[in-house]
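Protein chains: 4
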Amino acid sequence: MAGSSFGKIFRVTTWGESHGKALGVVIDGCPAGLPLSEDDIIPYMQRRRPGQSDFSTKRNESGVFEGRTTGTPISIMIKNSDQHSGDYSEIASCYRPGHADYTFDKKYGFRDHRGGGRSSGRETAARVAAGAVAAKLLSCLGIRCFAYTLSIGDVKAEDINMDEVFENLLYMPDNKAAKRAAALIEEAKANEDSVGGIIECRIEGVPAGLGEPVFDKLSAELAKAVMSIGAVKGFEIGEGFNAAGLKGHENNDAFIIKNGSITKETNHSGGILGGISDGSPIVFRAAVKPTASIAQPQRTVTRDGVEKNLEIKGRHDPVIVPRAVCVVECMADLVIADALLSNMSSRMEDVISFYKGE
Amino acid sequence: MAGSSFGKIFRVTTWGESHGKALGVVIDGCPAGLPLSEDDIIPYMQRRRPGQSDFSTKRNESGVFEGRTTGTPISIMIKNSDQHSGDYSEIASCYRPGHADYTFDKKYGFRDHRGGGRSSGRETAARVAAGAVAAKLLSCLGIRCFAYTLSIGDVKAEDINMDEVFENLLYMPDNKAAKRAAALIEEAKANEDSVGGIIECRIEGVPAGLGEPVFDKLSAELAKAVMSIGAVKGFEIGEGFNAAGLKGHENNDAFIIKNGSITKETNHSGGILGGISDGSPIVFRAAVKPTASIAQPQRTVTRDGVEKNLEIKGRHDPVIVPRAVCVVECMADLVIADALLSNMSSRMEDVISFYKGE
Amino acid sequence: MAGSSFGKIFRVTTWGESHGKALGVVIDGCPAGLPLSEDDIIPYMQRRRPGQSDFSTKRNESGVFEGRTTGTPISIMIKNSDQHSGDYSEIASCYRPGHADYTFDKKYGFRDHRGGGRSSGRETAARVAAGAVAAKLLSCLGIRCFAYTLSIGDVKAEDINMDEVFENLLYMPDNKAAKRAAALIEEAKANEDSVGGIIECRIEGVPAGLGEPVFDKLSAELAKAVMSIGAVKGFEIGEGFNAAGLKGHENNDAFIIKNGSITKETNHSGGILGGISDGSPIVFRAAVKPTASIAQPQRTVTRDGVEKNLEIKGRHDPVIVPRAVCVVECMADLVIADALLSNMSSRMEDVISFYKGE
Amino acid sequence: MAGSSFGKIFRVTTWGESHGKALGVVIDGCPAGLPLSEDDIIPYMQRRRPGQSDFSTKRNESGVFEGRTTGTPISIMIKNSDQHSGDYSEIASCYRPGHADYTFDKKYGFRDHRGGGRSSGRETAARVAAGAVAAKLLSCLGIRCFAYTLSIGDVKAEDINMDEVFENLLYMPDNKAAKRAAALIEEAKANEDSVGGIIECRIEGVPAGLGEPVFDKLSAELAKAVMSIGAVKGFEIGEGFNAAGLKGHENNDAFIIKNGSITKETNHSGGILGGISDGSPIVFRAAVKPTASIAQPQRTVTRDGVEKNLEIKGRHDPVIVPRAVCVVECMADLVIADALLSNMSSRMEDVISFYKGE
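Same order as they appear, the protein sequences are chains A, X, U and G.
Taking my numbering, I'd label the letters of the first sequence as residues 1 to 358.
Taking my numbering, I'd label the letters of the second sequence as residues 1001 to 1358.
Taking my numbering, I'd label the letters of the third sequence as residues 2001 to 2358.
Taking my numbering, I'd label the letters of the fourth sequence as residues 3001 to 3358.
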């Protein structure tokens, strides 16, 4: 209920705040026999935050035996090597605009004011560790979630080339746009300001038939997963908001036969029809707001209800989009892994075949 | 798991297909003592589909006694008075573009081909009945969800006047725009085509502090709820996708003191910060695709894998946005009702006060 | 949360009170393609209450198409043909000993006093309808749950012969004991008193490997399922309470090879080891208390806190054990069906085989 | 689904095997503001296993700030200081009678053979740590769960004196019986055998009105909780199995007025009527089987299907009942804490009062 868990069968539970000594995740429901080691997780942690290598599955060794998952919970702990021991007295006593300080106080009556607590971006490290395990599972089935930056502020990737995604620090599939975006970020930084952007995720290899037809549509689960990332303010799939302006004959995808198989001629649907995967690549986008922490003076109020001007000291990242790319992708990994496992009992013939080998 | 239920404490389960004799919903977890009668539900059913009055709570009488809810499940059944007894042989044998025919077949191995089954718009009648109960609960707390049409195709409401929403059949807060939109719809109809649109929902009176900080953010729950409606392809809250292009100083909302209380000067956040309600109105939008059923010929394939041209006979509604308005609003009602009930045990002081009266 | 649902994948939600016009159940998560008709359900309803035939799946027709389940929710409604229109004023104003009148008032603030509401035995009709569907599923896999009366009051079945279960009205596997038990029941009736008993359930054909190792042990799920039946006060599996007095060498079951397969020489475990089925028959027992409704005068208090003598008028059944037999069996059907569907994603090799056909 | 979590609002997730370097638990949904420190947990860990002090909440510091819970997940890790590095080759290749070796292999395809993995008694350490937090919450509301040993083998506590529970190592409320039980245990040890017993738990201070009326009866939740402990084979509440032999007039509890309040004259119900607490002490019992690990030779089979004689080397505890006492109590703590938090939204008047302060 308190919402630190995600998924039904492949179910993850995260814990830890931005300023504790560690944070982590417990993964329950990962099938037994999946080959898994730290090497599957480290690259994801590094994509989320280059230079970080301070996590540890080895220490706990739960849920993995002789290099394979055992079917029991996998616990991953990530040490918080860079806890700031700074002065939080100013933040403690007032509410930062765009942050969850005020809402945490209203919900819980008080808060751990050292950084953002559970609403900090640090929390996403646990999501990424779990997503890496889900991605490993997907890779065994030929499925891959892949996210990248579509725009930073008003700079859009236009000449899309997926090979370029890892060639720039912004994970944009357009090196030239990335250069312009980097300049925009520098400008925002100089102005003690910040910028947002749009992340796109493409999921290849998903078989048709995943997802549930009513409340738990695959598109609805993806929306929840992605909207649960701190700074995300919008989600769309396929044509998304653009579909609102299309005509039916423009938005419908014709079914055709290609190489002897049924497929769609176009993919306006974004790979999901009626909440169930249709076999085409699943394509969705997430809108990320500009970083809430900016150095320029802002108006706010104290816990005691006095208006004041706030200047948030310290180093601020003028954009979180590049780090969020991996988080978006990992949330997609979690959704697809869960949908795959949930779907195995949809047909009686499969249940009979499973248990009777017929 | 099969996804016909929604909510944690205020939990609804829907059943029934488009061509059965009835469909319905069971509401579990509604607090005891809420005054409730058919008169609370009928107006919602009529908004969803003017002229319809063929539902019945009275017949079952479960969960209500002497005009108040008893705390036990409320079962609502809606008769399907207009089941078509038409010829579905053509639809049975091929896949309609933009519909879930293909994906149902891939998931379940076969399908009830008489109309859309569970993926039909008929299913939303059960959501609306449940939403009406949730809305009654919210009204006791001074909370109101209110949805309306923001655009149809490329026609946007511009001169917003909420009083006009019920003055036109499209539920647009701009009668002039509604007139232009009506013309657009007529044109689409003449062309055997269809149009989509954008629905906005505004929730007033929500106290600060609702929602959970990590995976079950209030914004994430709303996103899932709204994206679970058949034709919805996008969701955004507050500035939404627009936030991706704003600067931090533009998107952050300053906290101020107004009438002695803490509030926000602006509402770019859309009423939710860090996944928890911030006391401002919650404002979100949903993108609705153009109706998939269009009369003009479309290319598709048969279940046997043969390409063919399909002409879907019968009456087609060239736009579903106006009927979806009420559905979007009702999903919001369900989310907020559930969040309210879930939030009561967030603080130990409240738990102690509840049980010890201190 | 309000607890009207049971199961994870094969999930049932019941609704309706003893004095409404109908009650029912919605089954979500039944695999598509299971052959199902009213004829599968009627015999169960009749076992629960001979002579009753007033239920209807046909009317709703949800979740079944052309004789097979579609994978979408199955809704079953049971008409309450014998609602008493009697005088409940005395019951309304005081608390019947052994009933839930007092506890409902304390929980909800008031109650539907016409009979037992949700705590009435009527509610179990919905469980039996759902259990019949689960039993049909199990029958496709060669699994059968079978419950019978082990004792009534102090009369025990001793010369066990399963063929005799349906030869007496008490469902005892010992016709002679059944005759003595019938006399005991008559005596209780004459004394305006009641008796209880013990029900045993035997589940044959369950493959080894079902159940989860920690909190959701198969034995724990069975315990919850059976203890959720109104009058059940105890649950035990295999040796049960007797195991507390055994030595380790007496209670352990040796593994042996029989017909080339691993099996256990004895079945003290009752078919479950470490919470997971071990391939032997699952055998458990439930203790049923004597019917709380007795005609002889009892001391109680009114809602206003005044002590009084209560004589509950009307026809009282001096024993509910025979009718509870079918309910116990149906709860077992629900648990095993759910465990079977939940278990399909336990191994990665099975997941790969399912999706890649390798 | 994989069953490593327990509870709905106060929800715990355990992880770790008997032979990993650590195990632990994440508690989600504990209300904010509960005073909590290691000193609340250590005594419970010591009761479960005297001499053990190798756990740590301090290290992680999640979910607690300045001595109070923050409402976010509490993560507790317990180091496994005594991992045996012994020779498990014999256990690895065959199935120990009475253990979960065989069933784990059948479920997962292989297992971590170093001890019992998740089915080991070590796993209960995490339950006890979580239970200690729940007990702290209960103590703020004047509620206490208290478990003790009722019998060891055929030696029963007869002259019950609760003051004596902590005066003997077996936690029996009868020092004389404890002496005889100790002799019985010594005898079993000398015979390379083991004994079981019965644990009783008494819960005082629970307000009337907790629990849900149908599937999630408070008695059913307690049954599941207790039956989920490895060696427990039976559960009963109030008169339990004895009720099956009583007459209605013997088993019903008269309601009376005492000190101006409604109460029951007797407590045959064990404190729960119709699944909802009735205000009397809740009293239940659990049957614990004799330890499965015994040194005397036993017949079993290898993984390859060859019969063999097995002698399990190493130190074996001839009785686990005393250590299970604390585990039973902690599971009760978890159930009651969850029921308390779940019950706060049962009445509309309470919801209105909570949000509108009326």
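No wet-lab data here; the hints were simulated from the structure.
Hints may contain errors.
What the hints assert, rightly or not - Below, simulated DSSO-like cross-link-like pairs (lysine-lysine); rule was C-alpha separation at most 27 Å, straight line: (1) K21(A) x K3079(G); (2) K1189(X) x K156(A); (3) K2176(U) x K2189(U); (4) K156(A) x K1179(X); (5) K3189(G) x K3179(G); (6) K136(A) x K2176(U); (7) K176(A) x K156(A); (8) K2189(U) x K356(A).
Said to hold, decoys possible - Only some residues are given here: those of chain U computed to face chain G with a beta carbon under 8 Å: (9) S2005; (10) G2067; (11) R2299.
As the list claims (entries may be wrong) - To spell it out: a stretch of chain U is covered by chain X in this simulated footprint if at least three of its residues, at any positions, have a beta carbon under 8 Å from a beta carbon of chain X; those stretches are: (12) 2035-2049; (13) 2102-2113.
The structure presented is a predicted model; accordingly, all values stated were derived computationally and were not measured.
Built from N, CA and C at the ideal position, the CB exists for glycine as well.
A quick look at each hint next to the structure:
| no. | hint | in the structure |
| --- | --- | --- |
| 1 | K21(A) x K3079(G) | holds, 16 Å |
| 2 | K1189(X) x K156(A) | violated, 36 Å |
| 3 | K2176(U) x K2189(U) | holds, 20 Å |
| 4 | K156(A) x K1179(X) | violated, 36 Å |
| 5 | K3189(G) x K3179(G) | holds, 15 Å |
| 6 | K136(A) x K2176(U) | violated, 63 Å |
| 7 | K176(A) x K156(A) | holds, 10 Å |
| 8 | K2189(U) x K356(A) | violated, 49 Å |
| 9 | S2005 | holds, 7 Å |
| 10 | G2067 | violated, 30 Å |
| 11 | R2299 | holds, 4 Å |
| 12 | 2035-2049 | violated (count 0) |
| 13 | 2102-2113 | holds (count 6) |
Of the numbered hints listed earlier, those contradicted by the structure are 2, 4, 6, 8, 10 and 12.
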